[in-house]
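Chemist: Sequence:
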Amino acid sequence: MKYLYVFNYEIEEKELCAMEFKRLFNEHMTTKYYITNTYIDYTRSPYIRGRLDIMFTHTSFNEIVQDIIEEDLYYLDFKVIYLKNDITHVHYQESINKCKEAALPISGSVNMHNPKTIFAITKINELWYFGIYHDQSLWNKHMDKPHSYSHSLNLRDARAIVNIAVGNNLNKKIVDPCCGVGTVVLEALGMGLNIKGFDINRYVSYQARLNLEYYGYDPMLIQKKDMREITEIFDVTILDIPYGIYSPFTYEQQLDLLQHITSKELVLVSHISMNQELEDMGYYIDNQAKINKGNFVRYITYAKKGKLI
17 MKYLYVFNYE IEEKELCAME FKRLFNEHMT TKYYITNTYI DYTRSPYIRG
67 RLDIMFTHTS FNEIVQDIIE EDLYYLDFKV IYLKNDITHV HYQESINKCK
117 EAALPISGSV NMHNPKTIFA ITKINELWYF GIYHDQSLWN KHMDKPHSYS
167 HSLNLRDARA IVNIAVGNNL NKKIVDPCCG VGTVVLEALG MGLNIKGFDI
217 NRYVSYQARL NLEYYGYDPM LIQKKDMREI TEIFDVTILD IPYGIYSPFT
267 YEQQLDLLQH ITSKELVLVS HISMNQELED MGYYIDNQAK INKGNFVRYI
317 TYAKKGKLI
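Everything in the sequence shown is counted per this note's numbering, starting at 17 for the first residue and increasing by one.
The hints are simulated quantities; they were obtained by calculation from the structure and are not laboratory data. Among the hints, erroneous ones may be present.
[What the hints assert, rightly or not] Derived lysine-lysine pairs resembling DSS-like cross-links, with alpha carbons at most 27 angstroms apart: (1) Lys161 - Lys48; (2) Lys132 - Lys189; (3) Lys240 - Lys38; (4) Lys38 - Lys116; (5) Lys116 - Lys212; (6) Lys320 - Lys241; (7) Lys48 - Lys30; (8) Lys132 - Lys212; (9) Lys100 - Lys188; (10) Lys309 - Lys30; (11) Lys240 - Lys161; (12) Lys212 - Lys188; (13) Lys189 - Lys320; (14) Lys157 - Lys30; (15) Lys116 - Lys95; (16) Lys309 - Lys48; (17) Lys306 - Lys212; (18) Lys116 - Lys132; (19) Lys161 - Lys132; (20) Lys188 - Lys321; (21) Lys18 - Lys48.
Please construct the entire structure, taking both the sequences and the accompanying hints into account.
Modeler: Now the structure itself:
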């Protein structure tokens, strides 16, 4: 089966979305619409608006209708929608008519307000697509965590960073050694991933545990500990490196933290590019993006130990 993934992002999120896309699909993002044989749980990504499980593809819409007739579809409580896209414009009235034509041969019952199944049609370039559309947005359930602070990663960024860290290997063992109030840890746990968090600040790590407990996760997955004292081995580190917003933190101290990372993979969040420093430590830079929050810039860098092949 083929799938159409529909992406949605703000202009300032494009770089991070493209970086996540590369890790999920191992290709470069070119548009907001991606057709592939690769199945992923689209609810992992904060940028995927939905997924169309493609049943029929034709250059002619009439052939789509003919396929629906021949398939003899039967569904209770369904509806048919037109999936608008930025590539090929179809006028509103035409899209309504196409939905009616596609729905007519489907046996069962229509339910426009509370459907159990949503069929969608769309036209991209010269091809029409028809299939079952999924658009549940399950990734943002941690939006209202009780403890936060102004310079925390926002939920969308944290979610994308977790996806960049693991790619499609959901069995990786992850550590966030400067986890703050636990935003990254929460997003990883929400995807069922194996993660632990640490923070040197007693009060902040306590708030992080309260956040985990609020959503029903084991609060002891976050501990008060200096990352330089962590002896457990992890597959990938997500390090939002301290940069001295609330207390002085020097470049030399940042380097010291970097030199205590033992995992072979790293997603580094930093306020300056630290590519040379990572290369000096034996990492190569696989990908990088910038995200902006007002005048505040963060670099998101995915790096691996070894040499670039």
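Chemist: If you test the structure against every hint from before, which numbers come out violated?
Modeler: 1, 2, 3, 4, 5, 8, 9 and 19
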